[in-house]
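Participant: Counting in this note's numbering, the sequence shown runs from 1 upward without gaps.
Keep in mind that the hints were calculated from the coordinates and are not lab data. Worth double-checking, as some hints may not be accurate.
To be verified - Cut-off 20 Å, straight-line C-alpha distance, at most; resulting in silico cross-link-like pairs (PhoX-like, lysine-lysine):
1. K8 x K174
2. K240 x K20
3. K174 x K265
4. K75 x K8
5. K174 x K2
6. K8 x K240
As the list claims (entries may be wrong) - Label pairs and their computed distance ranges (CB to CB):
7. T47 x Q113: 50 to 56 Å
8. M188 x P45: 46 to 52 Å
9. V12 x E234: 34 to 40 Å
10. G254 x K184: 21 to 27 Å
11. T33 x S270: 42 to 48 Å
In this text the structure is predicted, and so the values were computed from the model without any measurement. Where a beta carbon is used, it is the ideal one built from N, C-alpha and C, also for glycine.
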Amino acid sequence: MKHFISIKDLTVEEIYQLLKMAKMYREDDYKITKQIFVANLFFEPSTRTKTSFIVAERKLGLEDLEFATQTSSMKKGETLYDTVKTFEAVGADCLVIRHEHDEWSKSISKDLQIPIINAGSGKKDHPTQSLLDIDTIYQEFGSFKDLKVAIAGDVKHSRVARSNAQLLTKLGVKVYFTAAEDFKETEMGYPYITMDEAVEMCDVLMLLRIQHERHDEFSSSTINYLEDFGLTKEREKNMKEGAIILHPGPVNRGVEIDPDLVECKRSRISKQIENGVYTRMAVLTKQLLEWDIIKESQIRKSPSQITQTKKHKAN
């Protein structure tokens, strides 16, 4: 049994299984009939990820356990290890954790008897974000074959860039980076192109925000960022026919993207947020099944959905 920590741990078969399960949840209303408690432990600020996990849990019929660092015993010096062991002891069946440190999972994963889902680890991993991103891409194109994706922005400080590059590569997608010199990360080995090249040759343009909170010092690259490195209206006009815009959020309007393009016809930013609920439902289900906390027989269509299906067949 394993925790859901990194995209590196997933096989291609498992990725497609998760996409299939997300589609199932998107199209029909299913509930888990066993009482399950999920603790959402967020040690960094979050809107989209935290909220979508909570909605995912409630859609599945799970009971979410709230946690806030400012009112927890961590203010008294309690460690991450003792915090997660407390939640395990009180009866949590699964832990969803976001933490600022890259390797936080290593200190706790081997001693827990319940699954962990990584909701973001420092600058290293964000597996559920990359899963919802490829789900959005898959819905758009129906395949990953021959696709080209440019990941543009603060690559150096982005866990989204790392996880997405790894996942897309597994699926056979050609991945490019585009970034200001200060924001480049060369250790991953992906080719860099300019933003002008990216808009002309790629099917998907995945924008990243500048993560000021992870910078040690001010970067001069941010002064004229939109004009120099961002998606302007002029650049959007040069995008390929059928190409789409993604962004994990939060969006810095007028920095990495012109404000008028956030909700333009090419944008799938709202769709990403929507898909985040269903892909996280799939991840939660996968972990509960894999750890034998639930059985497949305990995943059932809701009574209202069964009634609607019968009416549809009768008509």
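Participant: Could you work out which earlier hints the structure fails to respect and list their numbers in ascending sequence?
Facilitator: Going through the list in order, the structure violates hints 2, 3, 4, 5, 6, 7, 8, 11 and respects the others.
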